[in-house]
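Using the sequences and the hints given, assemble the complete structure.
Residue numbers (the working numbering), protein chains in the order written: chain A, 1 to 371; chain B, 1 to 285.
In short, the hints are calculated from the structure, not lab data.
Just so you know, not all the hints are guaranteed correct.
Derived DSS-like pairs: lysine-lysine, alpha-carbon spacing no greater than 25 Å straight-line [to be verified]:
id	chain 1	residue 1	chain 2	residue 2
1	B	227	A	160
2	A	229	B	227
3	A	361	B	230
4	A	161	B	77
5	A	169	B	276
6	B	168	A	161
7	A	261	A	149
8	A	186	A	169
9	A	357	B	223
10	A	357	A	203
11	B	276	A	230
12	B	230	A	161
13	B	244	A	34
14	A	169	A	132
15	A	357	B	276
16	B	77	A	322
17	A	35	B	5
18	B	223	A	361
19	A	322	B	168
20	A	161	A	182
21	A	230	A	132
22	A	361	B	4
23	A	179	A	161
24	B	168	A	194
25	B	276	A	35
26	B	230	A	160
27	A	261	A	322
28	B	168	A	323
29	B	77	A	357
30	B	276	A	323
31	A	34	B	276
32	B	244	A	322
33	B	244	A	160
34	A	323	B	5
35	A	357	B	170
36	A	261	A	132
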Amino acid sequence: MKVTFPHMGNTYICVKALLDDLNVDYIIPPYNNKKALEIGTRHAPELACLPLKINIGNFMEAYEKGADTILMAGGRGPCRFGYYGEMHNEILRDLGLDIEVINLEVPNSGYREFLKRVRRITGTVNIYKISKAILNATRVSVEADNLEKLCCRVRPREIKKGEVDRIFKDFMNGIGRVKGSKQILKHIGDTRRKLLNVRIDEKYEPLRVGIVGEIFTSIDWYANFNLEKKLGEMGVEADRAITTSGFIIEHMIKNVLHIPKDLRYAKAAEPFLRTAIGGHAQETIGNMVLYAENGYDGVIQIYPLTCMPEIVAESIIPAVQKKYNIPVLTLIIDEMTGESGYQTRLEAFVDLLNRRKELSKAEKRWAFSGN
Amino acid sequence: MALKKGMKEFRDRYGNRLNILGAGTTGSGRHLAGIVAGADIVKNEITAHAVAAQKTIENVNTIIEIGGQDSKIIILKDGVVYDFAMNTVCAAGTGSFLDRQAGRLNIPIEEFGAYALRSNSPVRIAGRCAVFAESDMIHKQQSGHSLEDIISGLCDALVRNYLNNLAKGKQILEPVVFQGGVAANVGIRNSFEKALGIKLIIPEHYDVMGAYGAALLAMENYKSGGKPTKFYGFDSVDREYYAKSHECNDCSNSCEIVEIISDGEPLARWGDRCGKWSGQKIGKL
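Laid out in structure tokens, this is it:
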């Protein structure tokens with residue numbers, strides 16, 4: 001059996017760690033690219049969202065390289081994503097591909113079915129071995145996300161432009177050469193040290209922008225046109241609310257173990273949206289409020305075209321803006337590969353934030369001198 | 001290339017009597033234009049439009065801008081851009097769509113708006129999507145509605161689409177400036193005024209406000225820094241420019257690399273994700 005899985009930003013790194021530790025043979029699909037998008041749009045329903053299309057592309061590219069089993073995270077219906085595993089299965093079967101989708105979620109029929117699926121992949125139900133591998137893979141995921149966060153912090157402050165990107169590229173190229181969670185964690189640690197050694201301008205105070213929205217487009221750097229990197233190049237420190245490790249811990253592990261979740265976002269969203277309406281809509285609103293309360297200069301919402309939860313969230317944003325007076329830019333991603341439209345919006349947004357910051361500084365100075 | 005033509009016109013009219021202190025470019029081709037002309041300022045059109053409108057109309061609160069390819073709304077508060085939106089995935093209601101419809105109906109675009117004003121009872125046209133709008137128009141034509149009523153209905157539909165889509169959740173406060181090429185269209189203008197119940201201000205140079213904004217920014221840049229301009233001079237139009245593109249196949253990203261070549265020498269390259277091409281030091285840059 002050769003397993004494959006969606007690429008989605010840095011998610012492939014922790015899945016690789018998991019499968020390495022469990023001695024499962026796998027194929028990582030090529031980085032998300034134009035070809036994957038093209039294959040996906042050809043075979044997916046036209047109205048499906050971009051993540052489904054790119055996933056299909058990933059799987060078919062991996063199939064060409066010999067994969068025969070797909071590992072999918074389910075969601076038991078947070079949004080359309082809940083039935084994507086099944087959709088993938090049907091689409092690929094219709095195309096006559098001999099490939100099977102295994103959904104890694106606890107189905108309504110209970111844990112027995114879940115364990116059966118785990119055994120299919122790992123060949124074992126040794127709870128100790130599996131739990132250890134999951135724990136280590138989660139650590140990899142947390143560390144990989146922290147590494148990206150560090151990139152976001154260093155990039156706007158670096159003195160020699162492009163240094164962070166070079167280090168991160170080496171990191172990604174190096175992932176293929178290491179095996180198992182232990183080596184991957186070491187590789188992440190090495191990269192971390194390199195990033196901490198990048199010469200930075202310590203006096204520079206960058207604008208701070210929070211990124212909220214649908215999970216795939218906010219996490220995957222191909223889908224979002226390297227949003228964090230673009231912001232960093234404009235001297236802006238980006239912070240992303242939704243992360244792979246966050247999803248694994250909050251939605252998968254805590255679900256299975258029935259541990260109380262981190263619901264700060266839900267509390268923050270309460271005045272605007274009291275209940276989860278699917279997808280990450282409540283997170284979007286809640287995290288937007290948290291960013292505003294933490295003094296961020298602006299927020300960017302990003303989602304794929306036709307994403308219902310985020311459309312609802314978008315219509316709530318004016319109320320949040322009114323209360324917190326924080327600028328919000330909404331970016332909608334679809335099949336377009338022309339980046340200049342996004343670049344224009346980002347540049348204008350950063351201009352806007354800069355002007356606002358200058359003005360509020362000037363006002364403060366004026367207030368002081370007035371006293 | 002429009003830029004070459006414009007520069008040539010400038011040269012013919014003023015010769016080399018002008019002493020250029022600074023140059024700025026804007027619009028979706030701003031990076032390319034900036035490289036060809038040698039610009040000191042390369043600014044996105046949203047900021048450029050806002051700067052120009054503020055300079056022309058004091059205390060402007062709302063800017064409606066509809067150009068050939070896109071439409072925008074810019075909200076200002078206390079003299080600062082407070083919020084903006086730009087059409088994302090649909091080009092309905094932009095100049096090129098109006099142009100196309102005028103062409104299809106055999107009406108010169110200059111008279112398009114006047115037709116709308118002559119209508120007594122505009123028909124309802126679907127404005128959500130350019131393709132829907134066009135088929136709806138054809139159906140109304142076939143059922144015998146007058147051209148005037150259809151065109152007026154189209155103007156209403158596009159304005160409705162603009163207000164429901166771009167301006168959604170935004171407060172449109174007076175004074176409202178309407179700029180961009182479509183501001184010349186009295187039909188659209190009229191529909192806006194009807195829908196909003198306010199009077200729009202159309203600046204004298206509504207069709208070049210972006211360029212005006214870029215010029216103002218270049219001036220500001222000169223005044224604050226005083227560095228000599230990077231402008232190549234109007235004679236640079238005599239040089240040959242052409243763009244070459246190819247797909248880089250060094251990794252699975254397959255980026256489309258664009259190369260601007262002048263007199264056999266590459267001036268700039270871009271389009272890559274990794275920086276391998278755009279990061280190269282080339283030519284005189």
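The hints, checked one at a time:
1. B:227 <-> A:160: With Cα atoms ~23 Å apart, residue 227 of chain B and residue 160 of chain A stay inside 25 Å; holds.
2. A:229 <-> B:227: Violated, at about 30 Å.
3. A:361 <-> B:230: violated (32 Å)
4. A:161 <-> B:77: violated (34 Å)
5. A:169 <-> B:276: The given pair, whose Cα atoms are some 12 Å apart, holds under the 25 Å limit.
6. B:168 <-> A:161: violated (39 Å)
7. A:261 <-> A:149: holds (22 Å)
8. A:186 <-> A:169: Holds: residue 186 of chain A and residue 169 of chain A sit about 16 Å apart, inside 25 Å.
9. A:357 <-> B:223: Between residue 357 of chain A and residue 223 of chain B the Cα gap is close to 22 Å, so the pair holds against 25 Å.
10. A:357 <-> A:203: holds (16 Å)
11. B:276 <-> A:230: holds (16 Å)
12. B:230 <-> A:161: Distance of about 22 Å is within 25 Å: holds.
13. B:244 <-> A:34: This hinted pair holds, its Cα atoms lying about 20 Å apart.
14. A:169 <-> A:132: violated (29 Å)
15. A:357 <-> B:276: violated (34 Å)
16. B:77 <-> A:322: Cα-Cα ~13 Å, so holds.
17. A:35 <-> B:5: Measuring from Cα to Cα gives roughly 38 Å; hence the hint is violated.
18. B:223 <-> A:361: At roughly 22 Å apart (the allowed maximum being 25 Å), residue 361 of chain A and residue 223 of chain B satisfy the hint.
19. A:322 <-> B:168: OK: residue 322 of chain A and residue 168 of chain B at ~14 Å, within 25 Å.
20. A:161 <-> A:182: Roughly 31 Å separates the two Cα atoms, so the pair is violated.
21. A:230 <-> A:132: This hinted pair is violated, its Cα atoms lying about 37 Å apart.
22. A:361 <-> B:4: Distance of about 42 Å is beyond 25 Å: violated.
23. A:179 <-> A:161: violated (31 Å)
24. B:168 <-> A:194: Judged against 25 Å, a Cα distance of about 46 Å means the pair is violated.
25. B:276 <-> A:35: Holds - the C-alpha atoms of residue 35 of chain A and residue 276 of chain B are around 20 Å apart, at most 25 Å.
26. B:230 <-> A:160: It holds: about 24 Å lies between the C-alpha atoms, which stays within 25 Å.
27. A:261 <-> A:322: Outside the cut-off at roughly 29 Å; violated.
28. B:168 <-> A:323: holds (17 Å)
29. B:77 <-> A:357: holds (14 Å)
30. B:276 <-> A:323: violated (45 Å)
31. A:34 <-> B:276: holds (18 Å)
32. B:244 <-> A:322: violated (48 Å)
33. B:244 <-> A:160: It is violated: about 30 Å lies between the C-alpha atoms, which goes past 25 Å.
34. A:323 <-> B:5: violated (50 Å)
35. A:357 <-> B:170: Roughly 22 Å between the alpha carbons, so the hint for residue 357 of chain A and residue 170 of chain B holds.
36. A:261 <-> A:132: holds (21 Å)
In the structure shown, a violation is registered for the earlier hints numbered 2, 3, 4, 6, 14, 15, 17, 20, 21, 22, 23, 24, 27, 30, 32, 33 and 34, in ascending order.
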